[in-house]
Structure formats: structure tokens, C-alpha cells
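Residue numbers (the working numbering): 9 to 275.
None of these hints come from the bench; they were simulated from the model.
Quantities reported herein were computed from a predicted structural model and do not represent experimental measurements.
Worth double-checking, as some hints may not be accurate.
Below 27 Å or equal to it, Euclidean Cα-Cα: the simulated DSS-like pairs (lysine-lysine) are [said to hold, decoys possible]:
hint, residue 1, residue 2
1, 131, 163
2, 186, 163
3, 119, 143
4, 143, 158
5, 131, 232
6, 158, 186
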Amino acid sequence: MAYFEHEGCNLHYEEYGHGAPLVLVHGLGSSTRDWERQIPVLSARYRLIVPDVRGHGRSDKPRERYSIEGFSADLCALIDHLDLGPVHLVGWSMGGMIGFQLAVDEPARVKSLCIVNSAPEVKVRTPDDCWQWFKRWSLMRLLSLETIGKALGAKLFPKPEQTELRLEMARRWAQNDKRAYLASFDAIVGWGVQEHLSHIACPTLIICADHDYTPVALKEAYTKLLPDARLAVIADSRHATPLDQPERFNQTLLEFLTAIDSTTQDH
9 MAYFEHEGCN LHYEEYGHGA PLVLVHGLGS STRDWERQIP VLSARYRLIV
59 PDVRGHGRSD KPRERYSIEG FSADLCALID HLDLGPVHLV GWSMGGMIGF
109 QLAVDEPARV KSLCIVNSAP EVKVRTPDDC WQWFKRWSLM RLLSLETIGK
159 ALGAKLFPKP EQTELRLEMA RRWAQNDKRA YLASFDAIVG WGVQEHLSHI
209 ACPTLIICAD HDYTPVALKE AYTKLLPDAR LAVIADSRHA TPLDQPERFN
259 QTLLEFLTAI DSTTQDH
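Just need the whole structure built from these sequences, with the hints factored in.
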């Protein structure tokens, strides 16, 4: 367990293993703990860096507006703090947005990019978009985090054999700081770098669950905008693929990383 400071904020991260640096960035309302099924496998082959995003987990939760650009700047500061050089970067959901932002702003720091169940923009365009966001925004302000966690657990892990995952999701969600959680939610709405995707030259893997919140077609569309990207669809999975299909997820990611590392060694 370690901390570093960026712009007056103490940020928590964990470090495991040795080798080429691999950074895992969690999503909204999550923390380093949601990578528990990846850490033992990935740290056997990589120097694994797992941060808590500002406002999450054991990182500080300053009372201010948050932004994806700000989260990306924090990540950039961590890469500098540890003198990592270019990293393999994996971002899940909101973490994927942070990954996209970093790859656009600081391409020299990203050796490869893996985006998990995410998107390069969250734009509110139609009246229906407005209504959906307003509904979510209102519910999140009205309901307790425990209630939200239970509802999310039921949606993400609906199978009878996923009881433990459901309960753990509710427990973890209830531990969030509500104000920081809402500020992070607000950071997502209206954000986007889709028009800059053609500038992301590094090898990119888009991992997408077949039952994610947004359809596979959306991921297919933005994969085509990236110069060097491929899409991997994970069957029988929802938004929390690293938790509900850990073996398939780990294998898909490792195959991608191994191919990049072997190409780099050949040059």
C-alpha cells in the first residue's frame, strides 16, 4: 500500500510483481479491490500498478468538481512518480474513459491500451438521453449508496450462483463517499474524445461483454475509428467482466499483451 501526492491530493496505489509496467484503472464507485481476480495472474508476468482514482477507495476525496481530464492528469503524475516510462494501460468503464483521455493527451506514456466495457464519449444528445441521465442523476441523489449497490449487484450478477458477488458489490458500494461518487458521475456526463480517436496510434484492445449496458454495435463503431484496434466480445458477461468472467478476461488480455511484447522484442 503506497501513496503519492498530486495537486494537494493524496492518491493511493498498490504495486505487485516485476516486469514491464501494467496499470489497471477501475470504474465509477469502484476501487483497487475490484481487480482482485486479475492481480495474482497479471503480477506473475508484469509490474502491476493498481491506483484508486481520486474520490475513490483509499485516495483523498477533495470537495471540488472532478473531471476525466483531472483523473487522467493524476494518472500521468503517478506514471512520472514511479518513473515507469510507457505503460500498458487497462481501463474498465470510467477507467476506460480515463485511459482514452490519457492516450489522447499523452500518447508517449501509453505503450498499449485495453478498454473494458466503456466508450470514448458520454454525450447527452436526444430528449431520451436527457431523460435517462436525469432519472439516474435524481435516483443517485435520492437513494442511499447501499440501495444503489444492491440494485447494481442484482443487475450485474443475476445468476443464483453469483450470490457472493452480489453481496460483495452491495457492501463495497455502501463504502463510497456519496459526494465524491456524485462528483465523479457528473465528470462523466458530457465528456468525450471520440473526435480524437484517430490520433491514438498504440495497439488497442476493446473488451466488451455481450450483455454490457451499451450494445456491442457501439463498440464495433468506435473500434473502427482507432488506427490499430481490435474488438474481443466476452460471452455470458455483463458490465463487470473482470469479476464475472475473470479467466476469459485474463486470458484475452494476456494474449494481447504477449503479442505486443514479443513484437517489441523483435525490433
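Verification of the hints:
At most 27 Å may separate the alpha-carbon atoms for a hinted pair to count; residue 131 and residue 163 meet this at roughly 23 Å. Between the alpha carbons of residue 186 and residue 163 the distance comes to roughly 20 Å, so the proposed pair stays at or under 27 Å and holds. Among the hinted pairs, residue 119 with residue 143 is inconsistent with the structure: their alpha-carbon atoms are about 39 Å apart, more than 27 Å. At roughly 18 Å between alpha-carbon atoms, residue 143 and residue 158 fall within 27 Å of each other, so this suggested pair holds.
Straight-line distance between C-alpha atoms of residue 131 and residue 232 comes to about 19 Å, which keeps the hinted pair within the 27 Å bound. Distance hint between residue 158 and residue 186 is fulfilled; the C-alpha atoms sit about 15 Å from each other, no more than 27 Å.
Checked against the numbered hints given earlier, this structure breaks only hint 3.
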